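1 is the number of the first residue of the sequence shown in the UniProt record's numbering; add one for each residue after it.
In case anyone wonders, no lab produced these hints; they're calculated from the structure. Please note: incorrect hints may appear among the correct ones.
Stated by the list, open to error - Below, a list of computed lysine-lysine pairs in the PhoX-like style, where the Cα atoms sit at most 20 Å apart: (1) Lys-138 / Lys-171; (2) Lys-486 / Lys-470; (3) Lys-276 / Lys-298.
All values derive from a computational prediction rather than experimental measurement.
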Amino acid sequence: MHQDPQLEEVIGRFWATVEQEGNSVQKSLGDFSSRLSPGGPGPPHPMSSPGLGKKCKVSLIFDHLETGELAEHLTYLEFRSFQAITPQDLRDYVLQGSVRGCPTLEGSVGLSNSVSRWVQVMVLSRPGPAQRAQVLDKFIRVAQKLLQLQNFNTLMAVTGGLCHSAISRLKDSHAHLSPDSTKGPWRPCSSKSDRPPGFVLLCRSSSLFTHGADDSLLSVRELGEQSQPPPFHAPPTQALLELTELLAAHNNYARYRRTWAGCTDFRLPVLGVHLKDLVALNEAQPDRLPDGRLHLPKLNSLYLRLQELAALQQQHPPCSASEDLLHLLTLSLDLFYTEDEIYELSYAREPRCPKSLPPSPFKAPLVVEWAPGVTPKPDTVTLGRHVEQLVESVFKNYDPDGRGTISQEDFERLSGNFPFACHGLHPPPRQGSGSFSREELTGYLLRASAICSKLGLAFLHTFQEVTFRKPTFCDSCSGFLWGVTKQGYRCRDCGLCCHRHCRDQVKVECKKRPGAKGDASPPEAPAPPTPVPQASCVNLNIIHSPRHPMSSSFQVPLPVKASPPTKSSKLNS
């Protein structure tokens, strides 16, 4: 906790006096376990990967991961993020109504946003309906396991991703779901009348914050009634319906609160709901009474809620974690996609067919963005560290003999963990059963991750094929650009030159030269511009542009006021 040194000294003397002169009740108030602090027991220690030997190897393939294993590692990441929140962060949030300027809260929100977006992209990255149904089924089971682990915050993120309107409209994919997916941990709602009044579903979810017309963040104080968006196309399975019913905003999250009150042992709350309670309590009553005295009942109520969060930070999760799988998840969650890209991928997978879509009896939830633009993007140093950690884990598990290479089959399976192919980032071709070295895997992941995490706006070069009239060398591999015409490519912004096969391997940032324009022609005779493929997937071209605002998908359903139509209006067509 970051406080003024003098204040910390005064507080220290105060608790020392309480310890010496106070009674047992007063002493318990100063117990370390009753105060939020990132310096408590610390996050649980990751479990090292088991020895490889001849019989044991940790699989880093998404399709091989058990749903329980995936849920446990997501819970580990969530708890580590939750533990880092300090009382000062909560105070700043309550006073300013925004997570901006609070790195730990931003990190917690960013993690939830990343999980939700990752769920959506992993579903959309599969080319066929049956394959997408397998991923949907897997994440539904992950959500059920998260409920068993009582990790409600990640449950909200996963459920929000599964019920995002770009996913719920995939009628063909939902038709391939296995019968087991219709079984949930809650009593089925056999008819519409069985659902509670005001029953809403998480389609894109919703949250504590929305993006105003002036690009400003609206806090919960400014949220009023808002209109319902159009109904989504394909109702989720029964299991998912029951999870959304649990997390519905009806009666101020009444069902979630009842479930939360009955939880014991390890549990993680829906952070947005409890932050909303802190804001509401702070706004409902004044700090001082009319006679100038402190409003002690208000302070006591705030203290009790902070004490509850503090006690949760002292928990010990019931599961351990593999460092190698954490490296895989960490890099996967670094990737970022905009709303435009998500919808384009969705419509590319299953084009609009309004005549064949049955009318939906459900109402979509109230849509509010959860702090758009607040998700912190990793810098190049952080991203590089995550890539190096994953590469180390890959070679530890897939190269036990220490040859320094992995097979092309392993490479293709590993790259399937990431939707890189949707950005035209296919691995370089290999002849026969070619292998990939550590350097090649690192370069591929660095390049692909930089693009997918939107660091690509700095790394991406606007290449066009050119004919060089003087000897020129490749700035990527230092090789000579051979040929009579169209020997290679030059970036129109920074002038970097490279071979055709080196375009996707350039690691140098694009530093725009003063006065350079995107449409300026190079001094050499240009061929027709050939931009680097940045987001192609099944004849789909998505162009990354700075005009896209950063949006995020973790949302908590709240009543909100009418807002201009957003991407959800696409579901009308």
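Verification of the supplied hints:
| no. | hint | verdict |
| --- | --- | --- |
| 1 | Lys-138 / Lys-171 | holds, 17 Å |
| 2 | Lys-486 / Lys-470 | holds, 12 Å |
| 3 | Lys-276 / Lys-298 | holds, 16 Å |
Comparing the model with each numbered hint stated earlier shows that all of them hold.
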